[in-house]
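Asks: Generate coordinates for the entire structure from the input sequences, incorporating the hints supplied.
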Amino acid sequence: MSTPSKAKSEVQAKTTTPVAGSQLRAISPADFTNVRINRSMLRQVILSYQANQRRGLASTKTRGLVRGGGRKPWRQKGTGRARTGSIRNPIWRGGGTIFGPSSRRNHSQAIPGRLKQQALAAALYIQAKANKLKILRMEAPITKAKDVAKLYPQVLILRKVLLVVPDASLRAGFSNFPNICSVLASRINALDVMAAHNIIFVNDAYDKVKGRI
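Number 213 marks the last residue of the sequence shown (full-length UniProt numbering); no jumps.
In case anyone wonders, no lab produced these hints; they're calculated from the structure.
Fair warning: there could be bad hints in the mix.
To be verified - In silico lysine-lysine, DSSO-like type, Cα no more than 30 Å apart, as pairs:
| # | residue 1 | residue 2 |
| --- | --- | --- |
| 1 | 210 | 134 |
| 2 | 210 | 129 |
| 3 | 134 | 116 |
| 4 | 146 | 160 |
| 5 | 116 | 129 |
| 6 | 116 | 208 |
| 7 | 132 | 61 |
| 8 | 116 | 210 |
| 9 | 208 | 146 |
| 10 | 72 | 61 |
| 11 | 210 | 132 |
| 12 | 134 | 144 |
| 13 | 146 | 134 |
| 14 | 144 | 132 |
| 15 | 116 | 146 |
| 16 | 116 | 144 |
| 17 | 129 | 72 |
| 18 | 210 | 160 |
| 19 | 144 | 160 |
| 20 | 146 | 132 |
| 21 | 208 | 160 |
| 22 | 160 | 129 |
| 23 | 208 | 144 |
| 24 | 116 | 160 |
| 25 | 134 | 72 |
| 26 | 132 | 116 |
Claimed, not checked - Label pairs and their computed distance ranges (CB to CB):
| # | residue 1 | residue 2 | range |
| --- | --- | --- | --- |
| 27 | 65 | 34 | 28 to 34 Å |
| 28 | 65 | 211 | 49 to 55 Å |
| 29 | 65 | 210 | 27 to 33 Å |
| 30 | 131 | 61 | 51 to 57 Å |
| 31 | 29 | 156 | 38 to 44 Å |
| 32 | 108 | 64 | 25 to 31 Å |
| 33 | 77 | 47 | 20 to 26 Å |
Given the structure is predicted, the values throughout are model-derived calculations rather than measurements.
Glycine is no exception: its CB is placed at the ideal position from the N, C-alpha and C atoms.
Replies: Shown next as C-alpha cells:
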C-alpha cells in the first residue's frame, strides 16, 4: 500500500511530464538568395505600418467649441475699442485654437501589395543574417504554459520573441509569457519582423510566409 506522500509525488510526476517530439533549428540567409535590400523602401513601408497603427488622440477646440462667447461683448461702434464679435475669438486669451490637431484626422497610408512583399522579404533576410530566424517543429499543439517552460526554457529567456504560427490553435501554450508575441503566418509584416529580437516559425508557418514573398 502506497503512502500519501508517495501517491502525491506520483500525481505530480504525471502532471509535469513535458510534451515530446519537437525540435528547434536556425534558418540560413541562403534561403533568401534572390532578395534585394532596398533600405529606403523598407523604411518607408515600416513608417506606413506605424502610421496605420496610429490613433488620433490629440484634439483642440475651435472658437465654435469653446464654452461661452455667444454674445457680442460690446457694440460695433462708438466705444473706441476694437470691434469684436466674441470673447472666444482665437486672438483672445481663453479663445479657440486655429488649425489645431483634431482626433478626426486620418493618419493611415496605403501600401501597395508589391511593396509589402518586398519589404517582408528584405526584413526576413536582414534578420536571418543576424541569426534571429528559427523554425520550431511540434508534433502536437502545446496548450499548457508549464509544458512550454519545460520544453523550451531557452525560448523563455530570449528578448522579444515573435512566434509565427500557421493557425490559431498553436498559440495557446505561449500566450501567458510577456516576452512572446504570436502572429498568424498570413498576417505577418515587415514591421513585426524588424521589431522582434527573435522570430520563431512553428511547423509549416515558414513555408506559408515564404509563399507570400
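Asks: The structure should be examined with respect to each hint, and the outcome stated for every one.
Replies: Taking the hints in turn, this is what the structure says about them:
For the suggested pair residue 210 and residue 134, the alpha carbons sit about 14 Å apart, so the restraint of at most 30 Å is met. Straight-line distance between C-alpha atoms of residue 210 and residue 129 comes to about 16 Å, which keeps the hinted pair within the 30 Å bound. With a CA separation close to 22 Å, the supplied pair residue 134 and residue 116 stays within the 30 Å bound. Of the pairs offered as hints, the one joining residue 146 and residue 160 holds, with about 19 Å between alpha carbons and a cut-off of 30 Å not exceeded.
Using a Cα cut-off of 30 Å, the hinted pair residue 116 and residue 129 holds, with the two alpha carbons roughly 20 Å apart. A distance of roughly 15 Å separates the Cα atoms of residue 116 and residue 208; the hinted pair therefore holds under the 30 Å criterion. For the hint linking residue 132 to residue 61, the alpha-carbon distance of about 48 Å lies beyond 30 Å, and the restraint is violated. For a cut-off of 30 Å, the pair hint linking residue 116 to residue 210 stands: about 13 Å separates their Cα positions.
Using a Cα cut-off of 30 Å, the hinted pair residue 208 and residue 146 holds, with the two alpha carbons roughly 28 Å apart. With a CA separation close to 20 Å, the supplied pair residue 72 and residue 61 stays within the 30 Å bound. Note on residue 210 and residue 132: the hinted pairing holds, with a Cα-Cα distance of about 16 Å set against a maximum of 30 Å. A C-alpha spacing of about 22 Å is found between residue 134 and residue 144, which places the hinted pair at or below 30 Å, so the restraint holds.
For the suggested pair residue 146 and residue 134, the alpha carbons sit about 22 Å apart, so the restraint of at most 30 Å is met. Between residue 144 and residue 132 the alpha-carbon distance is near 25 Å, which keeps this suggested pair within the 30 Å criterion. The suggested pairing of residue 116 with residue 146 is violated, with an alpha-carbon distance near 37 Å, which exceeds 30 Å. With a C-alpha separation of about 35 Å, the suggested pairing of residue 116 with residue 144 is violated against the 30 Å cut-off.
Restraint check for residue 129 and residue 72: not satisfied, since their Cα atoms lie roughly 69 Å apart, outside the 30 Å limit. Restraint check for residue 210 and residue 160: satisfied, since their Cα atoms lie roughly 22 Å apart, inside the 30 Å limit. Distance restraint check for residue 144 and residue 160: the Cα-Cα separation of roughly 20 Å lies within the 30 Å cut-off, and the hinted pair is therefore satisfied. With a CA separation close to 25 Å, the supplied pair residue 146 and residue 132 stays within the 30 Å bound.
Between residue 208 and residue 160 the CA atoms are separated by roughly 22 Å; this keeps the pair inside 30 Å, and the hint holds. Note on residue 160 and residue 129: the hinted pairing holds, with a Cα-Cα distance of about 18 Å set against a maximum of 30 Å. Pair hint residue 208 plus residue 144 holds up; C-alpha atoms about 25 Å apart against a cutoff of 30 Å. A hinted pair counts as satisfied when its Cα atoms are at most 30 Å apart, and residue 116 with residue 160 qualifies at roughly 23 Å.
Our distance criterion of 30 Å between C-alpha atoms is broken by residue 134 and residue 72, whose separation comes to about 70 Å. Our distance criterion of 30 Å between C-alpha atoms is met by residue 132 and residue 116, whose separation comes to about 21 Å. With their beta carbons about 55 Å apart, residue 65 and residue 34 fall outside the hinted range of 28 to 34 Å. Distance hint for residue 65 and residue 211: a CB-CB separation of about 51 Å, consistent with the stated range 49 to 55 Å.
For the pair residue 65 and residue 210, the beta carbons lie near 52 Å from each other, so the given range of 27 to 33 Å is not met. Taking 51 to 57 Å as the suggested C-beta distance range, the pair residue 131 and residue 61 conforms, at roughly 53 Å. At about 26 Å, the CB distance of residue 29 to residue 156 disagrees with the hint of 38 to 44 Å. Judged by the Cβ atoms, the range 25 to 31 Å given for residue 108 and residue 64 holds: they are separated by roughly 27 Å.
Remark: the range hint 20 to 26 Å for residue 77 to residue 47 is contradicted by a beta-carbon distance near 55 Å.
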